[in-house]
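Chemist: First to last, the sequence lines map onto chains E and B. By UniProt numbering, the letter at position 351 of the first sequence is numbered 351, and the numbering carries on one by one without gaps. By UniProt numbering, the letter at position 353 of the second sequence is numbered 353, and the numbering carries on one by one without gaps.
Hints may be right or wrong, so weigh each one.
Where chains are identical, the list cannot tell them apart; a pair therefore holds if satisfied intra-copy or between any two copies.
[To be verified] Derived BS3-like pairs: lysine-lysine, alpha-carbon spacing no greater than 27 Å straight-line: (1) K22 x K259; (2) K329 x K145; (3) K457 x K473; (4) K57 x K145; (5) K57 x K336; (6) K57 x K296; (7) K113 x K77; (8) K343 x K259; (9) K323 x K57; (10) K57 x K343; (11) K47 x K329; (12) K344 x K259; (13) K296 x K329; (14) K234 x K428; (15) K98 x K77; (16) K113 x K87; (17) K145 x K47; (18) K22 x K145; (19) K98 x K453; (20) K145 x K343; (21) K98 x K113; (22) K47 x K296; (23) K344 x K383; (24) K453 x K428; (25) K396 x K323; (26) K208 x K57; (27) K234 x K453; (28) K434 x K457; (29) K104 x K87; (30) K57 x K47.
I should point out that these hints are in silico values taken from the structure, not numbers from a laboratory.
Protein chains: 2
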Amino acid sequence: MAKELTSRSESYSQWYNDLVIKADLAEYSAVRGCMVIKPYGYSIWEKMQRALDDMFKETGHTNAYFPLFIPKSFFSKEANHVEGFAKECAVVTHYRLKNDPDGKGVIVDPEAKLEEELIVRPTSETIIWNTYRNWIQSYRDLPIKLNQWANVVRWEMRTRLFLRTAEFLWQEGHTAHATKEEAIEETETMLNVYARFAEEWMAMPVVKGYKTANERFAGALETMTMEALMQDGKALQSGTSHFLGQNFAKAFDVQFTNKEGKLDYVWATSWGVSTRLMGALIMSHSDDHGLVLPPKLAPVQVAIVPIYKNDEQLAQINEVAAKICAELKALGISYKYDNDDTKKPGWKFAEYELKGVPVRLAIGPRDIENQTLEMARRDTLTKEVVPMAGIADQVKVLLNDIQSNIFRKAYAYREANTTVVDDYEEFKRLLDEKGGFFLCHWDGTSETEELIKNETKATIRCIPLEGPVEPGKCMVTGKPSARRVLFARAY
Amino acid sequence: MAKELTSRSESYSQWYNDLVIKADLAEYSAVRGCMVIKPYGYSIWEKMQRALDDMFKETGHTNAYFPLFIPKSFFSKEANHVEGFAKECAVVTHYRLKNDPDGKGVIVDPEAKLEEELIVRPTSETIIWNTYRNWIQSYRDLPIKLNQWANVVRWEMRTRLFLRTAEFLWQEGHTAHATKEEAIEETETMLNVYARFAEEWMAMPVVKGYKTANERFAGALETMTMEALMQDGKALQSGTSHFLGQNFAKAFDVQFTNKEGKLDYVWATSWGVSTRLMGALIMSHSDDHGLVLPPKLAPVQVAIVPIYKNDEQLAQINEVAAKICAELKALGISYKYDNDDTKKPGWKFAEYELKGVPVRLAIGPRDIENQTLEMARRDTLTKEVVPMAGIADQVKVLLNDIQSNIFRKAYAYREANTTVVDDYEEFKRLLDEKGGFFLCHWDGTSETEELIKNETKATIRCIPLEGPVEPGKCMVTGKPSARRVLFARAY
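Input sequences plus hints: build the corresponding full structure.
Modeler: Written out as structure tokens, the structure is:
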């Protein structure tokens, strides 16, 4: 099966599509732009959810649930928000179907028209802040730190599985604070949570920073982002955290009595990551043989394949495998012992490579004799014969090593593909030649940003939080620049 | 706060609404019939989800995700299904808004009309079976045993928080099998999973059985149900499992090659429970003081309240409490130590009663002296002074006891309110006088069932799976009946 994947060098885009389909992660549905997340893909998403949810709870957040539908008028209340979100969206206008008098089908009942249309949420700031108005009277009611796991819909014209779909799954945090400082701190805390998740769980290095005004969330005063570099040299925005100021509180009239007894508007943040992270995960590590999954997010961490010629051999291997499985289980390692007789070992090897299972153990008759087995790692595609004794501990060490190794590899790739450039012509040339991240000086104006975008399709991914701050001159206009910013073409 | 609840005897319905609101479980939103599930309510739902999800996985199911939207035409494909589900639903007709040329708001862009309207899923059989067509060719592709956690929308005219809302959260299992027998076994297995969850986690006894033809799921050959008795003598359908036969496979042309090499249609089941279970939980155990939660589903199992007159006393209690918290944590018991200085102990006691926290510990200066504390249980509203030594173990025993006790109490209530009646006039009288479950003979016809429903508002909740099978005569027509069936008025 692995052979059927288009190679990355041939077409990265086709390789991605092939891999998502062939590794059983997701597929398009009968509804334009909407995907079916298949069980294997969903089990990775579940692991992401669990890890993130634990981190949200550790940082003092609780989950809640707000309605799928938002009255149309809510979108008009925050001037910037409406421009950004109320445009391409699914609009519910009716609430009933009836039998078609002329045929066997059903038609929309024209008498069941809603007084006010409902929008399927593209994001929930408006309905949540409309709700918070009734929850917040005093500083004693603050902070409110909520998160919801939900589906949202944005009517995208061009869609790609996981990366851009009309419906997607995400979490959206919405917090309310008594002070500006506290809201800014929350915005930063959550970006750091995301970055920690990206690096420690997904093994995906990220650059943290601020979005420019042009690239901010509609309604935010500041948008913080984490940007990851994919193997084709394009950036992928992987999570954002927004400092919303008092914009939504003003739009929905959410005031509170502060400690000094005065009325003030509440300060807000929102932050989210989505099933887009699945795309980021796939494009960070995988190769022409298939998925490469970080052990911490792999639904199956170890596949065990028996190699045998007759039932007697299989019986012996089954017995040994049962012991190994028990040992793995005791260490909390997830495994699959695959003694399906209808498939050949070679087929299984290719299948587990395609699915990104981090470690594969193979046990044959000679292994039984020698008390050994073959241990293969997915990330490097190397294997070795190891003693059977203490195999679970060896696997545990190997899983940790794979987790670190794929992070290091992705980090090294990013370092090798981050270029410091001062000349605009060189920037354009290198962007076409090799892509990647570019650290360049920029004069801070939207005009220059737009010009670069129009001429090169590269955008400012962020103004990085970390790294040296050295002043210089804008590569386009020569005007002063306080520090280099991160440019790239992006998904 | 507890005093503000309407008493159950005054108005059960108002008591329920008061409790849902005042215990911070849920509230209505700005969107008609849609609710906001508040953090406390959602944390109970999360515990339900986790327990159910574990049980689904133990029985060989995996999660996946299918689109929110279903093309309108899909509903016309299964004749019974369309009658049951395609009527009161949210219909998406457009995919864009635009600025209102006459004002500041937004209007639906008439040029962005969908070619085919999309229905917000009321249930997902149609889109899932349309997908299964591409997944299933051979018996080797079977069984498929998937579940999804999702939101669904049914445009209900009369709504009640948790019990009947336009949007609700649920899980829906959808399985595909090679044989009729296997599908029937799956239908039964999942009803048993639900019943085990209801009894072991929710402490809510249920009667398992088959629905009559009238009450079946639209498109099912058999619907199995579990029915619980609420404190006001009304039944609540708490979970259903459907044997769908080959209806959806035929409607969506899902055929497979069986072991004999012949083409056949695939056999199907579906099963679901929803946030309605929250309503069932509330109405099974709670009292005029507030919620009573089974310890297994309580977000906080133990509340610890310090009682003190000065900072010195508080410091001593804090120290002792820290040790107790550490002990509770070690036993996996969730707790909250509430030393909020702005609230009085009496307020806290009432608050934790209202929220249904199973165990409350109070520690005062005398307790520090005597090495004791006060341990109160929510279910019986009794308390005792107990030694501080080994308190965590005592709490653990008490939590188990509360879990059993509220089940026994609910079970005893149901037994006391299940009446065997042979006379139709007596049935009508007792139904009005005391309500509850009634075991009666019925002639098996839809006509008689309808007549009883029209005259009494009671319906056949199920044909029970368990209990004695004794033949008799229909209480209305006098015609032969093979066994008694369960009647009740229902939510």
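Chemist: Does the structure break any of the earlier hints, and which numbers would those be?
Modeler: Failing hints: none at all.
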